[in-house]
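**Q** Fit chain B to the supplied structure of chain A, relying on the hints for placement.
Protein sequences, first through last, are from chains A and B. Sequential numbering of the first sequence, starting at 1, is according to this note's numbering. Sequential numbering of the second sequence, starting at 1, is according to this note's numbering.
None of these hints come from the bench; they were simulated from the model. Be aware that one or more of the hints could be misleading.
As the list makes no split between identical chains, a pair holds if one copy fits it or if it spans any two.
Taking lysine-lysine and the DSSO-like style, the derived pairs with C-alpha atoms no more than 27 Å apart in a straight line are [to be verified]:
id, residue 1, residue 2
1, 569, 283
2, 631, 237
3, 327, 569
4, 569, 596
5, 674, 161
6, 569, 161
There are 2 protein chains.
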Amino acid sequence: MFLRSKWLLISGILITISSVAPAEEGMWTFDNPPTQLLQKQYNFTPTKQWLDHVRLSSVRLNDGGSGSFVSPNGLLLTNHHVARGQLQKASTPEHDYIRDGFYAESPSQEMKSTDLEVNVLQTMENVTDRVQAAIKNISDQKQAYEARQRVFAQIESESLKKTGLRSDVISLYQGGEYWLYTYKKYTDVRLVFAPEQQMAFYGGDPDNFTYPRYDLDMAVFRVYDNGKPLNTTDYLKWSTNGAADGELIFISGHPGSTARQDTMSQLVTERDYREPQYLQFFKVRIAALQAYAAQGSEQSRQVQSIIFGLQNSQKAYQGRFEALHDKDLVAKKQKEEDDFHRLVKANPAAEAEAGGAWAAIDGAEVKYRPMIKQQTFRRTDSTLSSLAITIVQYVTEIKKPDGDRIAGYHDAELESLRFRMLSPAPIYTAVEEARMAASLTEAQAQLGPQDEFVTTVLAGRTPQQAAHELIGGTKLTDPKQREALIKGGEEAVASSTDPMIVLARKLDPISRSMTNWYQENVQSVEIPAGEKLGKARFLVYGKSAYPDATFTLRLSYGTVKGYPMNGTKAPYKTTFYGLYDRANSFDFAGPFALTKRYIDGQSQLNLATPLDFVSTGDIIGGNSGSPVINKDAELVGLVFDGNIESLAGDFVYSGERNRAVAVHSAAMIEALRKVYGASKLADELQGK
Amino acid sequence: MFLRSKWLLISGILITISSVAPAEEGMWTFDNPPTQLLQKQYNFTPTKQWLDHVRLSSVRLNDGGSGSFVSPNGLLLTNHHVARGQLQKASTPEHDYIRDGFYAESPSQEMKSTDLEVNVLQTMENVTDRVQAAIKNISDQKQAYEARQRVFAQIESESLKKTGLRSDVISLYQGGEYWLYTYKKYTDVRLVFAPEQQMAFYGGDPDNFTYPRYDLDMAVFRVYDNGKPLNTTDYLKWSTNGAADGELIFISGHPGSTARQDTMSQLVTERDYREPQYLQFFKVRIAALQAYAAQGSEQSRQVQSIIFGLQNSQKAYQGRFEALHDKDLVAKKQKEEDDFHRLVKANPAAEAEAGGAWAAIDGAEVKYRPMIKQQTFRRTDSTLSSLAITIVQYVTEIKKPDGDRIAGYHDAELESLRFRMLSPAPIYTAVEEARMAASLTEAQAQLGPQDEFVTTVLAGRTPQQAAHELIGGTKLTDPKQREALIKGGEEAVASSTDPMIVLARKLDPISRSMTNWYQENVQSVEIPAGEKLGKARFLVYGKSAYPDATFTLRLSYGTVKGYPMNGTKAPYKTTFYGLYDRANSFDFAGPFALTKRYIDGQSQLNLATPLDFVSTGDIIGGNSGSPVINKDAELVGLVFDGNIESLAGDFVYSGERNRAVAVHSAAMIEALRKVYGASKLADELQGK
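Chain A with its partners taken away, still in its complex shape (with noise of 0.2 Å):
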């Protein structure tokens, strides 16, 4: 599945822009969409209208996702991994929303969100000019760095007073441009329905991130506006056929974050450093939660969506590990950078401006490699850990003026950051406590016993001690709690005698030291060197190609088209017949089991259905619930995932077998009908 990775946003700091992108490639902003190229390819050119249409009915999910809007009333489709979070935290041992699905048959059932935010990009303005004069006398980096932040901070809270809207600054090209993106912001979300986690992920793990499938990855929230459905006419009307063979589509979503113009030494880094460290991480976590899940059935329940999401992740970085171990995709990813590297040499002006770039970011990184370990293992991997560490930094932050912040605690940010402190979403202390010792223990093997963070969290005691006294001992479980000590202040903090809040105090100088020490000998460096590189490719190749992925709005195009697999041909689509298919192959067992509502609802429906298709837009994790449009904006289907070769993604693009992998939307029609009873929802979703 396509879910965008919380842990890809702590690479990729740098971000340059590609050469000239090959056919059906790219991830492209709303301000310079590929009109040549559509025109070219497919004799399509969409209009301003079209496009505004089709941003307005985008929404990005906090929860990592994208949706869209599909009813005038406010009917958001995401996927079901996307709402996943959110049915588990509704979710109780009487009402298990996950193993079961929900279907809100009227407005009074629909079921509100824990803590789901929703945002629709509102505004574009490129603030370039205004973030480079304000660095521009400035020669210290550490300086320079602080200068940057501060007119980030300054543009957003002035955006912020002026529009009420939450306001981002956002880097593109590398730090070649800078723009202002403006938010609507809903907060008030209820779930209309989703189907049996079973159905929605099936095939399981095994299943993900391959072609084909047969999974119905889908969910429909409602959003609310002051109390009332949302009422517009920004939202995708539902195509009569759905997606067709060699068809030209459109996605539209929020990929989180590619590397496709980091640097060589960059991705040296990742492959030798980042990568295997990783991979560990999530190795060591996954056996305690599922050591966790074996005791019983309500402990399976309380910590599925964390092993889905964690395996999810491990899946992915096993093939990011192994697309930058392929020799080819090295030899290439060497090859654009000679080539960029040459051509700017016969440059001048890129020359002044970058010839020093690539040397600065090689030092950085050398000096970076060996913090790594520090950045991956230092972590108590709980949620309370977390609420503690953000409720500490929050009370001092606040009293800032807002440039002089760390990140997470300008103004703008600060009513999404509260919303989700004061989250009412269950935390289960027994997982809690299995998660803190498995990560604990895994630190003290990684970082050795004299390690800073680890002497501090432990003080003498084993992991298993520590984490028991801590998460026993805390109070953080309850909002109300952590409301108390948010309004009370550094005062109230400081007093604190919380268990957690006593340990937070401790490792908030440890992380901000190791915050600083990356801030000055990296991102002070190769922010500058990014910037530099940027502005040399517009010199050199012009402004002709996408910025790498930052989870904001793009624009994907391509067709609906199967690829060369395993010796034959994937299909373009599957259907229902194969979804009964593998569940026979497999005799039912484990994720190929089917839901009793499949079993008997067999004869119901009309397996010829398509189920799932791919088609060639460029994606990556993030984009995951994002809406497939024909060229009339009609939605046609539903993104969930990547094949497995999309999964070297990250770095490069492949038209010839990279698939994005969507729920036809037929199928969700055809379920919805003939196996939920939900021919309500569907006659809303179909305009009927």
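**A** Okay, now just chain B, sitting in the frame of chain A:
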């Protein structure tokens, strides 16, 4: 699919034994079954009675495949693609049995095969001592080669006279052992049932050699003896349930050729010389036949079988080619050779025997490599031309003492040879002309216009002219003409003005000279070197292994089991649901179409019935049509292919991913009863 390619036989001159085989690897002779491995892994030891029964129930088809008796009244089960040659020969523009299938409800409707010979292995006798005695004191390699051929012919001829059975001396363990095999021979073989080619070969060339598959690749003949259905107790009973997940199974069949014990220098010859030229050969011929087929449906009907055969070989060779370019595989083979070499050096007896064998083979290979181009491209690619050469050589050879004849013309081979020479199978002259013209064009391009073969065939004409005049002028399409020449002997052949015979007289010395060169420079060196390596292997490893495949009867064993594929799992079986999924997924296009019977008959079928399944049994081309049996020797499936990973099987076996693909016994019964209205046949198969 796993039809034995004739091309495979050209290679594999040298056969050695492996060291100890890993679990489930091996194509074992019936005199040396892997009883210890079976007992240890499966707690099962086949009795002598079990082995005899299975052996006598297994058949070899001279069209290049395997089969088994499946009723007391001579029913013979094999693959559609093994029977396809006979279906093609029986078809006319009015009755296209390949397209439409065939079913004889009553014995009178059963259709006699044109030229199908079936062999059943009766006895196996170790004649190593006698062969070794015959060459013991001969130091000249050429003389030793000839003496070896003479003693082979002598043993075969004696056995034929004594038993009346087809008698073949075969080389196992690379000449470490020689065996006399005798076969009962049947030539009255009548077709009872064949499905439509579209369903037998569902998925066509794309799906060939892949899995998951949805093929009903079956055909049923009835063997007649003295004009009556063969009455036998040695047939395989039909299993009630068929293959189940994790079950122990056996495959009894005739693997054609493997090169697992080839030396590294022989593998280099394969990789760098033979494979690239063969791939070129297949490309050219397939293109010529496709151009011919494009002329119309009748033309397409005529060449369909040849195209399928060539595409099958092309895909198999492409897999071999890729395997030989796989660095891990090559490293593994190198290590095997290094280990063996080291053990030989450490063992004085083995070192005395075989110390010089590698160098001898290396020397022969280096000499051989430049000649492969001639062997590959000096071809007329015409049935009529092959018949002409065979007739010209036949009339000369049979006048010599048996021991002095060239290969293929010994007494023991003559009956089968005449059966083929006089086959009434239709020969389409337009097809012949197209194939010959393409072949000669390529010969000219590859070998140059001055090549002796090229100048002899073309004689100043263009390839098109030569093909047109030769094919247009010959009368050999008529079996009576061939019979007259054979009866007329050397005189009739010498005075014939048939242009194909005239040409064959000129090509005969060229062919003999190539054969002589090959015998003197390659076989005379590599056969004794192989014998030495074979003996050395027995000395250092003991006789704990199986010999390379030689298109003689072998027993493989393994487990019904899925495998890791495409980032996920391939299931152990597929179902009819999957057939309908694949058809719908491709919108019924090309090789993924369904016949009317299956569209109309869907509602009759239980779609959950297993269709195909995989097991870890070790097979290779030639195993097509082999029965898959359980430990009670009941038929649970019908081998028809290997998966794409198994294409490296010529060189190595991997239990992790190599899989034999078979039709499930339940699918055959379900289709016969529900789709083909062939319940009478199903009843006979099930012993009802």
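**Q** Could you tell me which of the numbered hints above are not met by this structure, giving the numbers in increasing order?
**A** Hints 5 and 6 are the ones this structure does not satisfy, whereas the remaining hints hold.
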